[in-house]
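> First to last, the sequence lines map onto chains A and B. All the letters of the first sequence, read from the start, carry residue numbers 167 to 277 under our numbering. All the letters of the second sequence, read from the start, carry residue numbers 11 to 122 under our numbering.
Worth flagging that the hints you see were computed from the coordinates, not collected in a lab. Every residue, glycine too, gets a C-beta built ideally from N, C-alpha and C. Do not take every clue at face value.
Below, a sample of chain A positions facing chain B; criterion: calculated Cβ distance under 8 angstroms [claimed, not checked]:
#	residue
1	198
2	208
3	210
4	212
5	217
6	240
7	267
8	270
In silico negatives: residues of chain B with every beta carbon more than 10 angstroms from chain A [to be verified]:
#	residue
9	23
10	24
11	25
12	30
13	38
14	77
15	80
16	94
17	118
DSBU-like mimics (lysine-lysine), calculated; alpha carbons at most 35 angstroms apart, straight line [what the hints assert, rightly or not]:
#	chain 1	residue 1	chain 2	residue 2
18	B	67	B	81
19	A	208	B	13
20	A	208	B	80
21	A	208	B	28
22	B	63	A	167
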Amino acid sequence: KQEVTQIPAALSVPEGENLVLNCSFTDSAIYNLQWFRQDPGKGLTSLLLIQSSQREQTSGRLNASLDKSSGRSTLYIAASQPGDSATYLCATGPGNNDMRFGAGTRLTVKP
Amino acid sequence: DVKVTQSSRYLVKRTGEKVFLECVQDMDHENMFWYRQDPGLGLRLIYFSYDVKMKEKGDIPEGYSVSREKKERFSLILESASTNQTSMYLCASSRGGPDTQYFGPGTRLTVL
Chain A
167 KQEVTQIPAA
177 LSVPEGENLV
187 LNCSFTDSAI
197 YNLQWFRQDP
207 GKGLTSLLLI
217 QSSQREQTSG
227 RLNASLDKSS
237 GRSTLYIAAS
247 QPGDSATYLC
257 ATGPGNNDMR
267 FGAGTRLTVK
277 P
Chain B
11 DVKVTQSSRY
21 LVKRTGEKVF
31 LECVQDMDHE
41 NMFWYRQDPG
51 LGLRLIYFSY
61 DVKMKEKGDI
71 PEGYSVSREK
81 KERFSLILES
91 ASTNQTSMYL
101 CASSRGGPDT
111 QYFGPGTRLT
121 VL
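Make a model of the complete structure from these sequences and hints.
Set out below in C-alpha cells:
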C-alpha cells in the first residue's frame, strides 16, 4: 500500500527566499503525482500535476520535479511571498481513483 | 472554471443522528470522491464513484454510505453519527483519465 510522507511538517521562511518542499512515496508504480495547496479551513487547490512519464512541471514561480526511482518529488517555490503561506500537500498512487495524500507541510512566509 | 460545492461549511449534530452531506459538481465529471481530513493523518478516502449508481469503498468506509443518483451529485451519509466522526469532510471530482481532482470547500462536522 502506497505511503506518502512530507517532511518537514512545518516551515517558516522570510519573504523573498527560495524554498523546497519534499514529498516521498514508497511505491514507484504511480499514475501521476500531484501537488495541492490548502488554505486554513478550505478545500484543496491543484497546483501541479506530473505524469509518471514526466520529470517536472512548471507554473509561474512553482516547479515540481519527480524522481520515481528514488520515490521522491520536490516542489520548488521561487521568491516566496506572504501570500504563499498555506499547507502544501502531495498525492500519488497507482491510479487517479486511488490517490494517497501526504499530511502536508505548513508553510509560513514572514514579511 | 470547475466548481464543486458542498451543502454546508459547518455542521453540528448529536450522537446517533443520521447525517447527510451533499456535494455537487458542474463539470460533468465521471468521478466523485469523499475524503475526511484529520490533523496528522492527512486525507483518507471514504468512498468514490466512477459513474451514476456506481460506488467503490475507500480506505475507511465503516460507518458511512454514499449515494449517486445523478451524475453531478454525490451524497455521503452517516447512518448513526458518532463522536469519532467529527472531522473535516472534503468532496472532489475529476474526469476519467489523467486529470487532477477538484475539491469543494469542505464541511467541518462536529458530533456532540
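> Which hint numbers doesn't this structure obey?
Going through the list in order, the structure violates hints 6, 17 and respects the others.
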